[in-house]
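In the order they appear, the protein sequences are chains F and U.
Going letter by letter, the first sequence gives residues 1 to 152 in the working numbering.
Going letter by letter, the second sequence gives residues 1 to 129 in the working numbering.
Since the hints were derived computationally from the structure, they do not count as laboratory data.
Take these hints with a grain of salt, some might be off.
[What the hints assert, rightly or not] Pairs of lysine to any residue, SDA-like flavour, derived with a Cα cap of 20 Å:
id, chain 1, residue 1, chain 2, residue 2
1, F, 116, F, 79
2, F, 116, F, 78
3, F, 116, U, 59
4, F, 116, F, 80
5, F, 116, F, 44
6, F, 116, U, 10
Please read all numbers here as calculations on a predicted model, not as lab measurements.
So the chains spell out like this:
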Amino acid sequence: MDEAAVEVFAVMLNLSCTPSQTIPTRFSPPESIITRPYLTARVNFQGTLDGACTVQCSKETAAELTATLTGRNPGDIPDTLCADTAGELCNMIAGSWKIRQHPEQAAYTLSCPTVKTIVSDAFHHPARRFRETVTLLYRVADHPITVNLAFI
Amino acid sequence: MRALIIDDSSVMRKVVERALRQAGIELSEVLQAGNGNEALEILRTAEPVDLIVSDINMPGMDGLQFLEQRRVENLAPGVPIFMITTEASVTLVHRAIAGGARGYICKPFTPEQIRVRIVPLLLPSLASA
Numbered sequence: 001m002d003e004a005a006v007e008v009f010a011v012m013l014n015l016s017c018t019p020s021q022t023i024p025t026r027f028s029p030p031e032s033i034i035t036r037p038y039l040t041a042r043v044n045f046q047g048t049l050d051g052a053c054t055v056q057c058s059k060e061t062a063a064e065l066t067a068t069l070t071g072r073n074p075g076d077i078p079d080t081l082c083a084d085t086a087g088e089l090c091n092m093i094a095g096s097w098k099i100r101q102h103p104e105q106a107a108y109t110l111s112c113p114t115v116k117t118i119v120s121d122a123f124h125h126p127a128r129r130f131r132e133t134v135t136l137l138y139r140v141a142d143h144p145i146t147v148n149l150a151f152i
Numbered sequence: 001m002r003a004l005i006i007d008d009s010s011v012m013r014k015v016v017e018r019a020l021r022q023a024g025i026e027l028s029e030v031l032q033a034g035n036g037n038e039a040l041e042i043l044r045t046a047e048p049v050d051l052i053v054s055d056i057n058m059p060g061m062d063g064l065q066f067l068e069q070r071r072v073e074n075l076a077p078g079v080p081i082f083m084i085t086t087e088a089s090v091t092l093v094h095r096a097i098a099g100g101a102r103g104y105i106c107k108p109f110t111p112e113q114i115r116v117r118i119v120p121l122l123l124p125s126l127a128s129a
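Bound-form chain F, shown alone (with noise of 0.2 Å):
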């Protein structure tokens, strides 16, 4: 996963990713790291894995990175183009992941984004949904931003 976070983050942002941190997904949701509001994407995979990738990054952070993919400024991106940027992130890291771990993915597919907007105390996390659950930090550009990898 960090091979696949890194080259995402260097690739189309030119933005260097610092290494992940491993960080107790049950105890220690994005609310403890990443400030209010802010965005979780999410993709599933089905296939020889089943599960979920989600991206968690502050709306801030969502609109300084559409401002670096798109060349706007970061005061005018509109809450639908930061919201776009989280998913379309979420599904370039898990399908870069996903071609990391499986040659034959021929029978691996990944659904489209779907992003939300967290903006209360209310505990959103897929990890409660699934067995195994991952979640990476990284920073990137001093912007921290969590990766889970949950399987079912």
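Use these hints to put chain U onto chain F, whose structure you have.
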């Protein structure tokens, strides 16, 4: 040159457009579609395009279905179609090529990859432009 970019992500459509321009492809107009259905409607009604760049995994009509329907309706015959996707399985790539795509690039990608892979497909068009 007129290009049609098909991706459900508006950010990715902008990223692809920037990458095409950075690759030295002069775009006079860029048409955008969020899925295959929108793209087909553009091809049916708009002025002809010179290049089509499409994602595969999209809600509604996906990129492979778009290729098939485009062929059935004989829309934009001869126009180079390039797939940019996270879905890089051999099966999907073969289906895309069989459906009429000239090539593909996996996300994430760099403008240099766009230049190396797409510009050669456009050489006849660029020469006659």
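Hint by hint, here is what the structure shows:
1. F:116 - F:79: Roughly 11 Å between the alpha carbons, so the hint for residue 116 of chain F and residue 79 of chain F holds.
2. F:116 - F:78: holds, 15 Å
3. F:116 - U:59: Cα-Cα ~17 Å, so holds.
4. F:116 - F:80: OK: residue 116 of chain F and residue 80 of chain F at ~11 Å, within 20 Å.
5. F:116 - F:44: holds, 14 Å
6. F:116 - U:10: With a Cα-Cα distance of about 17 Å, the restraint between residue 116 of chain F and residue 10 of chain U holds, given a limit of 20 Å.
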